[in-house]
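Here's the letter readout for the chains.
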Amino acid sequence: MAMLWSRISAALPLNEEQFPLQFNDKVESSVLETLKRSRHQLYSNTTSASRMLNAQIILDFSWEKLNTGTWRHVDKEWRRVYSYGCLFKVAALCREEPSADEVLQALKTCDMGLLMGAAIMDNILQVIVQILQSEVRESTKEEDESEHAQVKRIKIECPHVPVIKEELAVPRIKCPSLESFNTNYLLPLKPVILEGIIDHWPALNEHPWSIEYLRSVAGCRTVPVEVGTRYTDEEWSQTLLTVNGFIDRYILNKDEAAVGYLAQHQLFDQIPELKEDIRLPDYCCLGDGDEDDITVNAWFGPGGTVSPLHQDPQQNFLAQVIGSKYIRLYSPEDTDKLYPHQSQLLHNTSQVEVENPDTERFPEFAKAPYLECVLQPGEVLFIPVQHWHYIRSLELSFSVSFWWS
Amino acid sequence: MRWFGFGFNAFGQIHVGEKLIKGECSDAAEEVKVFSPAELDCCSCCRVKTGCHIRASWSRRAYLHLDGDSCVCLCGVSVKDSRGCQDASVSESHLTLAFSDRIESWDLQKEEKTPSWSMGITTESSGPSLNLPLVPGGYIATKPPFYRSLSPHLKAKSLALSAEHAVLLSASGAVYTWGLGSHGQLGHGGLTPEEEPRAVEALWGMPMSCVATGGWHSVCISDGGDLYVWGWNESGQLGLPSRGLRKALQQQRSQQAGATCQDARTSPAEESQEGEKNEEVFISIQAFPALLDITPSCEIRTVSCGSRHTAAVTTTGDLYTWGWGDYGQLGHQTLISSDEPQRVEFFSEQHMRVVDVVCGAWNTFAAVVKEEVA
Numbered sequence: 000m001a002m003l004w005s006r007i008s009a010a011l012p013l014n015e016e017q018f019p020l021q022f023n024d025k026v027e028s029s030v031l032e033t034l035k036r037s038r039h040q041l042y043s044n045t046t047s048a049s050r051m052l053n054a055q056i057i058l059d060f061s062w063e064k065l066n067t068g069t070w071r072h073v074d075k076e077w078r079r080v081y082s083y084g085c086l087f088k089v090a091a092l093c094r095e096e097p098s099a100d101e102v103l104q105a106l107k108t109c110d111m112g113l114l115m116g117a118a119i120m121d122n123i124l125q126v127i128v129q130i131l132q133s134e135v136r137e138s139t140k141e142e143d144e145s146e147h148a149q150v151k152r153i154k155i156e157c158p159h160v161p162v163i164k165e166e167l168a169v170p171r172i173k174c175p176s177l178e179s180f181n182t183n184y185l186l187p188l189k190p191v192i193l194e195g196i197i198d199h200w201p202a203l204n205e206h207p208w209s210i211e212y213l214r215s216v217a218g219c220r221t222v223p224v225e226v227g228t229r230y231t232d233e234e235w236s237q238t239l240l241t242v243n244g245f246i247d248r249y250i251l252n253k254d255e256a257a258v259g260y261l262a263q264h265q266l267f268d269q270i271p272e273l274k275e276d277i278r279l280p281d282y283c284c285l286g287d288g289d290e291d292d293i294t295v296n297a298w299f300g301p302g303g304t305v306s307p308l309h310q311d312p313q314q315n316f317l318a319q320v321i322g323s324k325y326i327r328l329y330s331p332e333d334t335d336k337l338y339p340h341q342s343q344l345l346h347n348t349s350q351v352e353v354e355n356p357d358t359e360r361f362p363e364f365a366k367a368p369y370l371e372c373v374l375q376p377g378e379v380l381f382i383p384v385q386h387w388h389y390i391r392s393l394e395l396s397f398s399v400s401f402w403w404s
Numbered sequence: 000m001r002w003f004g005f006g007f008n009a010f011g012q013i014h015v016g017e018k019l020i021k022g023e024c025s026d027a028a029e030e031v032k033v034f035s036p037a038e039l040d041c042c043s044c045c046r047v048k049t050g051c052h053i054r055a056s057w058s059r060r061a062y063l064h065l066d067g068d069s070c071v072c073l074c075g076v077s078v079k080d081s082r083g084c085q086d087a088s089v090s091e092s093h094l095t096l097a098f099s100d101r102i103e104s105w106d107l108q109k110e111e112k113t114p115s116w117s118m119g120i121t122t123e124s125s126g127p128s129l130n131l132p133l134v135p136g137g138y139i140a141t142k143p144p145f146y147r148s149l150s151p152h153l154k155a156k157s158l159a160l161s162a163e164h165a166v167l168l169s170a171s172g173a174v175y176t177w178g179l180g181s182h183g184q185l186g187h188g189g190l191t192p193e194e195e196p197r198a199v200e201a202l203w204g205m206p207m208s209c210v211a212t213g214g215w216h217s218v219c220i221s222d223g224g225d226l227y228v229w230g231w232n233e234s235g236q237l238g239l240p241s242r243g244l245r246k247a248l249q250q251q252r253s254q255q256a257g258a259t260c261q262d263a264r265t266s267p268a269e270e271s272q273e274g275e276k277n278e279e280v281f282i283s284i285q286a287f288p289a290l291l292d293i294t295p296s297c298e299i300r301t302v303s304c305g306s307r308h309t310a311a312v313t314t315t316g317d318l319y320t321w322g323w324g325d326y327g328q329l330g331h332q333t334l335i336s337s338d339e340p341q342r343v344e345f346f347s348e349q350h351m352r353v354v355d356v357v358c359g360a361w362n363t364f365a366a367v368v369k370e371e372v373a
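Each protein sequence line maps, in turn, to chains R and V.
With numbering that gives the first Met the number 0, the residue at position 291 of the first sequence is 290, and numbering never jumps.
With numbering that gives the first Met the number 0, the residue at position 155 of the second sequence is 154, and numbering never jumps.
In isolation and in its complexed conformation, chain R is listed as follows (with noise of 0.2 Å):
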């Protein structure tokens, strides 16, 4: 354990002087004076009672700016100092001899700060990430043989895959051109399943997916979990978990009667592994925007996750990679037969149950034409911008979207 901090501080700047901390002026004295009192302790003999004490003073602060306002118009300069913050109080954990408790803590404030906060000193939260998870996977290994035995108990799942109408599929392409796909499908805005195009993934070659590869590459990270049946209903909330944790909760022994999901997470930002064994699709160059304009998020569950029916302002390539799920999509033409919700937040997202619809309160839904399809591992399914979808899991399920212009 002594090991750890002579790593972790290899990792740090050498001295005070040489250790940043740059702010514009939205970021008051007086936080500066507890920033750079922590820096202080970096670097000199103190209690660490007192290393914690004063992290947490910058932590705390912070957090309340990081909750005013809307999230959009935080200013960039307090998540830094959130970031600070963690990095503050990773270092007072791991400085003395942490215990194996002490550690998972660090490796959660690593995942706070780069969840909530902003890069800071060339992404140092994301080295020490990488540090603390090498001395978990360490000290674990004995551990992880006799847990084998306890993976089997998941159950086996009898999906009821629903039947989908011939005439009401969505039409299936084996790796199409640039040039057919943009003809054919991008242009006019068309929606298409395309086979053969992510058989190259790593995710699903030499590192296959599953719970097993997921835990040992991500296990004691802590993400943001969904919980409840869909998010327009009043008991969902989300949570913080880790990889572990919602696995055991969510995914194995559920007697848990609501619903889990690692939903529309930017996981493979946070986990530097797993982005490896993805690819972005060719046919995103198609668009007119930047590689680094695309956003690509995890959606990883069990069976049973619901996504409400709901359009997106982006083009979206849905890549499934572990199980099932069953896809029903309707044309922005068929909007008014749709019912989106009236407010603000919601206005993208229909009132109607897909699969129960309230005939009496939405009697135009079952007019309005549409295509379904169950998207297996290996496809991808191209979900055109504005196109309205509904996505509920058969079974256990690992999709990558990506949202591009």
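Because the hints were derived from the structure by calculation, they are not lab data.
Just so it is clear, the structure is predicted and the values come from calculations on it, not from any experiment.
The beta carbon of each residue, even a glycine, is placed where N, CA and C say it ideally should be.
The reader is advised that the hints may include incorrect statements.
Stated by the list, open to error - These stretches of chain R come out as covered by chain V in the derived footprint (C-beta under 8 Å, 3 or more residues): (1) 24-32; (2) 66-73; (3) 126-132.
Position chain V relative to chain R; hints supplied.
The following block gives chain V in isolation, referenced to the frame of chain R:
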């Protein structure tokens, strides 16, 4: 009248420990988190004058002396440009002084000879006395544009301002709110923002006498001494059952018991113990005003809010606090948060009668007088 303070003290707002006097960095937890009420350090003016008011921000505490030669003292030093001021307010970056003919804002982070902002005012002799942030015709906001006008129809009597929202009390006792509403702090039943002052209809017909705002919550007192709360309850700052608070306390307890940090491991047994609590209705956002019962029942005289806690003084001289307590700002000699109003026993035990309360972001200041022995 004496002032006591408890809570966040990293900048010596409550008292300056020995280490700080020596110029050393104050690291000791006891000095940063004052969890039992401590008498505030006096400034030299305090010893001369009979009473003073307190103004507080996150890191600062100012004395406002209004009798005789009025002035403001910050960090024990009289602010010389404050002589003759009639009111003051302090934020993290600025000290705002109201004089009979002008308002000035001084940047506390720079040492300058002139205020960073000022405006002249003409007080009508019949108009209300200055009551920052209210000024004739409008109010002084926390960020530019500083001066904002208010419709005279509102007949503004007092105004509570937070980073995200504003609560205004009119001369007739009506309450208006505006600003961001994503945590229910506007009290109109939804989460949408309001650009202009909008009357809180749920309180219509019940004249209020005092309003206060925290970071994401709002509080007001009716003429009859009842307390109404609305907004975010993530730390129990509304005094209503808070799921987030119970969860956090549960996690703290299990951490102390040496259990590992794996959140998913709550055994079924533990969950059924919480069974009776599952019947309880937890409130994380209260979008309409709710009447808060404080037991034993009492009349509230005045109330103040920190960013995530609330403090109320009863007509019988007791101080009740609830909400976030991590820095000792509840004064119950612990660092535990609470979603139930609890009396600060320190004052009753010392036979002190609390007559006023002012909260900084993470601390609480109470004005006391000696209890008269009947």
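A quick look at each hint next to the structure:
no., hint, in the structure
1, 24-32, "holds (count 5)"
2, 66-73, "holds (count 4)"
3, 126-132, "violated (count 0)"
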